[in-house]
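**Q** Take a look at the letters that make up each chain.
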Amino acid sequence: MKSLLLLNSKYLVKRKRAFVLVGLSLILTILLLSIALSLLRIIEQPFDITFNNQKASEILLLFDVRSDDKDKLVQWFSNQEEVWGVSEPSPFIMVNAPLIHKGGELDLSVQLTEHHSGHLVQDEIRMLKGDNSGHPNHGEIWLPTHFEGNYGLKLGDTLGLNLNGELRELKISAFVVDPHYLSAIFNPTRAWVAPGELPFLAPLSELNNTMIGVRLKDGVDLDTFWKHFNASFDYSGKSLQYPLFKRAFTSFYTLLGAVLLIFSLMGLLISLLIIKHTVSSHVFSDYRQIGVLKGVGFTPGNMVLLYLMQLGILALIALPLGLMVSWFVVRMVVNWMVEPLGIPNFTYNLSGPIALSFGIVFLLVLLVSFFSARKAGLVKPVEAIRNTFQKKGNPGGRTSRTFSSLWLPLSLVLGGRLLSSKKKNLVFMGLHMAGIVFVVIFCVNISNSFDKIHNDRTSWGFDNADVVINRKSSIILPLKHGELMEMLGTYKDEIRSISPFNYSNLFILSNENRAIKEIQGKVYSDALSKTGLGNIEGNHPVAPNELSLCIGTAEEFNKRPGDSVAVFIEGQKKVFTISGIYQDVGSLGQGFRLQEKAMLGLNPLFEPRFYGLELHQNVDRDAFRSQLEEQFGETIQTELSIEERKAMVSMVMNVRMAVLTISLFFVLVLVLIIYNHQNSYIQQHKISFVKLKSLGFTSKNLRMVLLWKTVLNLALGVSIGIPLSLWWSPKIMNMLTADIGLVRFPFIPYPTGMVMAMVALFVLGGTAAWFAGSAIRKINFRIISDV
Amino acid sequence: MIRKTRILTFFLIGLFFLCPTNPVAAQDLRKLDHYLKEVYENHIIPGFSVVVVNDQGLVYKKGFGKERLDRAKPFTGQTVNAIGSLTKSMTAMAIMQLVEQGDLELDTPVVHYLPWFRTANKDMSDKVTVRMLINNTSGLQASPEPSYDLSDNALAALTRNLRSTFITREPGTVYEYSNLGFSIAGYVISQVSGLPYKEYLDKQLFGPLAMKSTSTDPEKFGALGALEGHYQGIYQATPALREKQFESGEYIPAGSFTRSTAQDLGNYLMALLNKGKFGNARLLSEESIAEMWSPNSSFPGLMEDEGGDGKPIQYGLGWMISEIEGRKIVHHGGSTGKMSSMTMIDLTNNRAATLLANLDLTFIDQYQYPTIFNLVNNILHIAAGEPITEFGRPTISDPSLNDFDLVEERMEKYVGEFVQIKGGDFWVYFGLSMEIKRGDKGLEAMMTRGKNTINHFELDFATPSLAIGRNMGIPQRFQFKLTPDGKVKGLFCGGVEYIRENKLRLEQYKKVEPGSHLGFLLPKDWSLQKLPDGFTANDPNDSSTRLRGFVKGSRKKVEDAIAKVSKRTSNESPWFSIREGQYVWKHQSSVRSGSHGEEVHTLFYNEMSNIPIHFEITSKKENHTLILQQVISPLLNSLEFYGGNQ
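Those protein sequence lines, which keep their order, are chains A and B. All residue numbers for the first sequence refer to numbering that gives the first Met the number 0, where the first residue is 0 and numbers rise by one. All residue numbers for the second sequence refer to numbering that gives the first Met the number 0, where the first residue is 0 and numbers rise by one.
Worth flagging that the hints you see were computed from the coordinates, not collected in a lab. Keep in mind the model is a prediction, meaning the values are calculated, not measured. Worth double-checking, as some hints may not be accurate.
Stated by the list, open to error - From chain A, some residues computed to sit far from chain B (all C-beta separations above 10 Å): (1) Lys1; (2) Trp83; (3) Asn557.
As the list claims (entries may be wrong) - Over 10 Å on every C-beta distance to chain A, these chain B residues come out as not near it, computed from the model: (4) Leu28; (5) Gly56; (6) Lys60; (7) Thr75; (8) Pro195; (9) Ile233; (10) Gly275; (11) Lys276; (12) Glu285; (13) Tyr366.
Unchecked claim - Label-pair restraints from in silico Cβ distances: (14) B:Lys488 x A:Ser496: 37 to 45 Å; (15) B:Trp115 x A:Lys516: 45 to 53 Å; (16) A:Gly151 x B:Glu303: 51 to 59 Å; (17) B:Glu322 x A:Asn617: 27 to 35 Å; (18) A:Leu587 x B:Thr388: 50 to 58 Å.
Just so it is clear, CB atoms sit at the ideal spot from N, CA and C, and this is done for glycine as well.
Here chain B stands alone, though its shape is the one from the complex (with noise of 0.2 Å):
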């Protein structure tokens, strides 16, 4: 008797010590759930996975909701979600890596890694560490368009092209989030380390911490089932449809792809939390990792009025460093506008987790609902047996609310279609179309591009030029530029200025179909014939423009001239993409001479499989241009595939 109390005596003590140091308790995971049911059930997110992680493990790990709202499929810890930002610790950890080998040197100029590097300013650029540009103080500002090239050529133009740049802010000094600084800083692993960087990342990182659900190539992520998200409406989020045609490998280092689960971010967070191990793989040494997350540089934080107390945020290499409610967390969030994550690692408690969301969590309206901040702080909180807080949900109330109201009878002025011209971005805000039409409540703006709503508004006027749009997400000023007679010309909508579409313009086209799938427009007075490998199209008043339109494969020479991308002469100009309507097109013009004099051609392709056709117009030099935005812009912008789209 006395020996089988010894024996459950050393048991027990033995079981005390080989029970974690920090664990979860069981009640605790409970309440976890429960208050992730409590969010999903009075949340907007129509789907979430979260992860919870300490130095030992794993502690939770659920999904939550559907992967899309039409879909029955459930949202778990398995689900491929977006990272966005994230990624950025990645490629920061991919630099310490090779720091640590000895092939670079964080303090060291990128120039003497590529002797090409530079801007218009080239003192400043020569200025420029490694350092700089994974701790967002390099100084450039500018995000050039892209490419729409997936190639790893993506990150080597854009590169070279800051030749035309300037940078205005003394390099290592002041902090500016900069996706470009860390697509450099992603090409300078491929360059150093010669692989490409999407190869680096799955050698050097996904593959020895096992995130088999993770990658930065689009390519993939088909395979990997991952989800497109769902963008912003007023009640319910709207799912996203893929836009393959949009996407471009410029900004793949800074997030601007990577997809990952709850389940593989776990095993991430582990690896930090242990100090850069993970199983039997060491992918960083604890200095490296300390470096990482030691200050560089600060901004300011969340204030009282949003939440937060008002200390400084500091950004580390690739990760983002708070003291929060007296823990120091490291964080870093992730927003692609249709998807979100938020992670954080309390140093303090050595706890990790993170939030995935088939919804930009990041833009949601704070007044209304939790922001992805307050949850995931939340979660830690629960994790660590604490209370929930209210840390990140502001303590004010929307000072967009008024009780201006307009008038019936001036709605109608409102009423109509606009087309972007300038500004927006090319993650979520570019080729919109706005459409500001009579809702159950008064006026409502409806942002589309193709067959995707972008955003969908309730439009509450403060004044008669000035409405904040009002749904699940952050409210945004609708600035409206009127006339004194009180006609609406145009509108300028988070940093996107729109005109009015000039209906009385379109009346001078005609919709012609030269294919049973294809349709678009074309001045009234053109004559258009089909032809066997695709048709041609004339301007009575000129017969030396000429409009061709060819099915894909119909001929050689223009194959040959696509594929000459990068071999051009000084008569021809760069290759070019443009979005235009639903879809983006390559073009190039050339010079020659012809029956006509000097003429200038232009060559339109598309390089998605289902798009069938090529264009090329070709008319006198003095025309050209003018043609092209007569005729061709209008042909692009109307262009439709029937059955063939995305």
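Bound-form chain A, shown alone (with noise of 0.2 Å):
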């Protein structure tokens, strides 16, 4: 055993480049795993924290004094057992229109609700930044935190409210955890005034609403008491309750650490790959040595150890170090997490994650050398002291013979031949290089879809339309449905069709024909197979007693396409067939359609009040929606189509930089993996370029080789990379996005991308491949003589 700690030791300061890649690649691996699923594992924790400590309700009730009594709503839910506590009834006002900051806009809603001390105890507003005088002050206004990141607003700074049709200046006194507002998602969200504050703002025929909490007992199921609650009462106002909270929270980093687990897998592949490459090269590089070994009485158990104990020490030093760094990464995105919620003393147990991935990474790293360093095991002493080089592999064959054209460069010829002269080398590299680029090709093509979403809207649940117009009816002379349609068809070089639509509502009823839930949806005027809108199961609504589903309201009632469903619209009940079903992210999979039929039969005024229209392709959109204005000047009201708007901007500029954050990464890791092979791979060669050299390669003629061999095998990894990537990407979105509605992620690859990150991997690897081999230049006759 000590004889084998020092041949290790040996072998680990001989190799030191080498091992040092693996030890990276280690250390990047554990390290994404480990913060991946540390995430996965903290993520409801904060929020479930902040929401008991703050004693927050889970439920809220927003209703107007005139139509709901709040001291009958109080009484109830007190008499209630499940309850353990209802909150202090606060008034609020909601502002919808922009908030005004240093004269630009926020384009946000804001509940403006005034603070009382019964938020000492229940829905505790806490205090994270600014003077905690207890409740704001008269003439100062309480945010959530994430205002001070989101907007870059500060203390002491004003924010202006529209308040019938004045405007009202508030001093931002305080940045406050509001348990049910931790995320930015939230529109309206909720600010805090002084108690009292309200008639300082807003006239008393303004003052007509109120908010109450309840808060349930441990233990106890909300929905049954929801449903309870429903039966009992006769509410008419709004509810918001825990899961709706929960879910606004928690979607973004569930989203995050999916990705990083899906990345890390992709990246403990690639570490293996290199481990086994790494293995397997340093055995053959190795065989007089270990014929030696074996010679002098190392038995081939002692051979197979020498070499798991290599990649054993190694990734007992690099696994705690990734994990090292992973813990700070875990504690600093978890603070980045936490900080706006001011939990005091905030602990977590990453023992489970850390102790999770160190053991599938260091089993796994085990594994693949056990299997690698096998063939140590199997080397015969004699053969191997006799024969300085291994006889195994193959020197010549099909592969290599590939590269003995006439017509092509030497060094071209020479690196095609080293490359091929080892096959399991060459499978083995054509598989990394292969991984990078599927990542790469992952994130251009990805980066893309999103992009170009106007290109295949209606993939994504919208309509196909370049132009929505909005026909107003509050003016004196409106325009008719035919009329409308009338003049738009004088634009026939323009518009290339148009579907017209209005919304509706319906209420999913329940076997006891009670309001379950509230959706809305669209009705169409003409037939849907027309408008470019797909289903992912089933057809279209036709028949005047079919509509179809949006994917997340089927999967929250079971309903599948042939399925009936009993709802409430238009004042009737009505038994509809479930046609089809569609995805739409535009309503995070809540929703239906309906053919105009179906709804004529319901109420025959029906009329469509929205037009999309798809423009031609060579149509200035933006030109001709301010010809549309001109024309029909207040009759009507035209929209951005769904890729212009603010939310759908920012949502495609942070997929872009996650995407891109992503492949730097995984680039730099080719990078390294390139640098690294192409010095021990000359480390290994000595002898081989030194006769090259003999034979009046200068070390620029051998570089080039090495050069060509470097592209030869990304050559090899783009073409396994990119067809495996076309085919697993759309996959692995699908599982992504499910959640936000988006059963079937719309996949638009980006040839002009691909070739164009494929020519920056050939640029940077090449480059890469280049530098190291400058070692090519100590590279003399001398050591032949070491050899």
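These two chains come separately, so use the hints to put the complex back together.
**A** Have a look at this one:
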């Protein structure tokens, strides 16, 4: 054992470059894996801790005091044994106009709510930054913490609110942790003003709304309790509940964790391939030494153990390093997640994810090393001592002969032969490259798919409209539907198709004919088959008793095409047959589609009010919109097409940033792999290079040879990676976006982008190979004598 | 003999040349008379007047019907009626006068004349020019709430409050009818001329035009005998009551108040036809009038189904411009919800006509009755010796007709009282209560505000959740909010949301009468104590909450506080104006330290002299808003002054 350890230490030092590469890839792999597992484990904790620490209500009721009796509501809830507490009523007003900050507009609605002492007991609003005076003072406003980061607001800034046609200004005196509004996704969000402040901001006629919070005891099922409330109480107002708040907070981190997990698994695969290659190549280059060692009494098991120990020791150094870095990164991410929540002494146990990550990676490393190192145990000592280089490996063969063509440059020929001389090496390196190419191509195509939403809107569930017209009714001379259609019909050169539609709401009914859920959907005047919209299952509704459901709604109520669903629509109960299921990310998977004739059967006066215009390709969208507005004036309002809207633009940018970061990371890995591989290759084949030098090859020639070897290796990787990526990318995205109503991700490959990415890979890989090849200069005849 | 013949010949020749070149034949006037009599008899209009002029003078002026359905006084050419948005042409004329004087330039940004003029997006409001204000392309869509201020400050306050609104369309590009734009133009007139808007019009328009019965000042309406008009009903219009407490000065330049007569408007039209000249006065140059009548923007006009020809309507400066049946017509309507006007100037035949009605004919049911557009167009035809046409009358039947019938058993679920909670406007549809009740032929909906019946419909159900409200006006959609078990929780109608009044809630209140002329609701457990100068009421559960009512003039401190309207401290809110129940109240809140810690105090007062009382409510700050919701709002909504209303 002692001798094995001594040998190991020698080899570790001797092959430090190779082991550094292996070590780095192990560090990066375990870093990603550990972060992903930690995030997925921790995600819900900060939210639940905050929610419980601040005694937040699982149910918020928001109602108009003229239609719902505040005292009766409080009394009812207080009398229920499931209820832990009912908060004091908090008057509020909605501010629906954009907020004004330093002359700019924040496109947000805010529920301006009065703070009161009850918020120290239930639905506590915790101060994170600002003067902790217990509540906002007169003229002040408290905002959720995400306002600070997302909108660049600061303490002391003034926020302008358009209330009742007048500008009211409030000073930001604190950023607070609001247990219900922890996420910036929520719009409208909530802000707090002083007790008794609302009469200073709005007239009495606007002060009719109040909010009550209901906190349940532990273990109470919210759904059951809510159904009990609906059955017992005639409530007209709105309610917001725990699952919605939680989902708003965790969805982003869940997605992040899932993406990191996928990439960490890919990284793990690459690392294992690197390990396999490394061990194999070491065994080959140590062939003679193995023979010697076996000759002096080392057993086959010792030989395997020798290499196993090298990787084992390496893993024992690299993995903890990676875990340590991941610990810091997770802490950083968690702090970033938790800091706006202000959770005091937030502790979390990472031992599980860390142990799991370590266990998985270490075990796999040992396994792969074991199987790769077995060859060392099979080496015959006499043969090994006699022959400096192993005979195994095919110096020629068909692959090698490919590179014998006289018309190819000599360096290319030699590079090819070097690459193909060891098939296994060829395959392994090809797979490394393929893995990286896979990721880079994935990133390029996903980014393009988001960029090109306008090319494939219907696959996202959006109407295929370059311009949407809203026909206004509240004016002196409103246009009728027929009139507008006639006028739009004169734009044959500009408009390719017109799809009139309108929105409608319905309630899904329970078996007892109670309204369970209200959903909004669309009613189309033309056959849906002409709109370009598609279904993921079944068909568009055609008959008056058919409707199609969005995937989220269908899954929630466990419905498939052919099933029936009872609804309450236009004041009537009706049973529809589900003709199909579609996806629509715009409604987060909720909704329905109906054909106009179905609606006319329920409401003979139904008319479309919206018109999706698909324009011809050569038409300038903005110019045409202006032209329509000038012609129609106040009778219409044009709307931006979906991909132009702020929220979508912002999302696309975020996705681009994310994939760019990931692809850069993998490109870096590629460069490292190539550089290190080149170095170790040069070291392992010193004699060959000396021989070539003796034949007249200069260092530059030999560097060119190695460059071509790398380029051909990359080409192999590209030929495997690109098809694999094109095949798997849509499937991966389907899985990731299913939660937001997109079960079939509209994947649009980007050939130009792929080519550009590959060119970049080749350039960077080639550069790395060239620089690594500088080691050739140090190889000279004296080395032969060393050998 | 020969000499006599020669004299006669010369006389006849002279007469020929002296006669108007465009005379209206006597028989045409008879035809016009006959036509209008028929209109009166077959239409639903309680009363109207018509004036027809040409460039030579007055051609025809007559009234039909009664000033008020419940009174005998006839509607004549001297009857003072609202003209509505025809005022916009007058505002535009005033602007052009200032342009001619060199005090204004049409294409100069407003900010040049009002340096502080801005919206929240200043880069957009900086582009708004004076022209855009009066050709409806400023992009200013918002119509801020009125302040119930009839002083000249109202226009200034309106303009300043635009700081919080956004312009969403590029100024100067798209037509969008904007009362706000004209109001700001009115303010520009006052700032540039140095005269309040009302005074400017009196001096520079109405005076020179001898429009003696024309005014934009509501204070003068009584003396002028100005009408209040009628609201639409099912079979008969309902006389409208004046609601002085809801009058507000913000939109005077857009037409909220202007009253005039057929006689006066005849003078106005004659001046326009005579290239700006009336008698010895020249109000505008021919070029300026041509500028006003040049198209600046356009929007879709009446389509064929509606009796039009599909040609777009253009908008100049305060005037609409159309080609109707081969004639170039400059026109503008006016609508106040209770009265209406339509003016058409036939530039091809040099003739003009105005119709004033004491019912809003702009929103008349066009499938049942001729529209005001059709009527005035035909008046011009007849005056030109031409046959009447159906221009402006729909060529199709009412598309809202249906054969659905609501079953009898379901009707009861709709019956009840509803209150307006959102939407509407501040011209007609505000502060409404709606009662749905059984009528002779099914269900009826009645909209009221205090003693005013604003609208009355028969409900023709198209589905269980959609009814068409039918009366003499344009059919209105009533969209009911139903639950699966058939309950009616509320409804939407005409952009207004109503909820069913919570009667159970009202059971928690009691009626109190602290004075012989005063009654309102208070929470049942509150105690009321009468005082020599008013009353006091207390919440037995919270001694820090005090309601005080006191007779006007009894507390100087309060009168001083009311007088301090424009000089408030940081601890005081602005004065808000609200409509609660039948009255407009102003209220202001202030923070103060009291025996119970920091308290909020809100003072409510009413400016009307026949409302004798102010209220103040004081409580701990954390309870104050809830108390306003639970106590003050029901109190004000239920407040009655017996014998002291309007």
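**Q** None of the hints should be skipped; say for each whether it holds.
**A** Hints, one by one, checked against the model:
1. Lys1: Per Cβ check, Lys1 of chain A is outside 10 Å of chain B; nearest 79 Å; holds.
2. Trp83: Holds, because the least Cβ-Cβ distance between Trp83 of chain A and chain B comes to about 22 Å, which exceeds 10 Å.
3. Asn557: At roughly 21 Å from the nearest Cβ of chain B, Asn557 of chain A sits farther out than 10 Å, so the non-interface label holds.
4. Leu28: Holds, because the least Cβ-Cβ distance between Leu28 of chain B and chain A comes to about 32 Å, which exceeds 10 Å.
5. Gly56: Its Cβ never comes within 10 Å of chain A, the nearest being 32 Å, so this holds.
6. Lys60: Answer for Lys60 of chain B: holds, closest chain A Cβ roughly 28 Å.
7. Thr75: Per Cβ check, Thr75 of chain B is outside 10 Å of chain A; nearest 29 Å; holds.
8. Pro195: The claim holds: Pro195 of chain B sits with its nearest Cβ about 22 Å from chain A, beyond 10 Å.
9. Ile233: holds, 20 Å
10. Gly275: holds, 28 Å
11. Lys276: holds, 32 Å
12. Glu285: It holds; Glu285 of chain B is separated from chain A by about 29 Å at its closest Cβ, greater than 10 Å.
13. Tyr366: The claim stands: Tyr366 of chain B keeps its Cβ more than 10 Å from every Cβ of chain A (closest is about 13 Å).
14. B:Lys488 x A:Ser496: 37 to 45 Å: At roughly 39 Å between Cβ atoms, Ser496 of chain A and Lys488 of chain B fall inside 37 to 45 Å, so the hint holds.
15. B:Trp115 x A:Lys516: 45 to 53 Å: holds, 50 Å
16. A:Gly151 x B:Glu303: 51 to 59 Å: The hinted range 51 to 59 Å holds for Gly151 of chain A and Glu303 of chain B, with Cβ atoms some 55 Å apart.
17. B:Glu322 x A:Asn617: 27 to 35 Å: Given a distance of about 34 Å, which is inside 27 to 35 Å, the answer is holds.
18. A:Leu587 x B:Thr388: 50 to 58 Å: Check passed, 55 Å falls within 50 to 58 Å.
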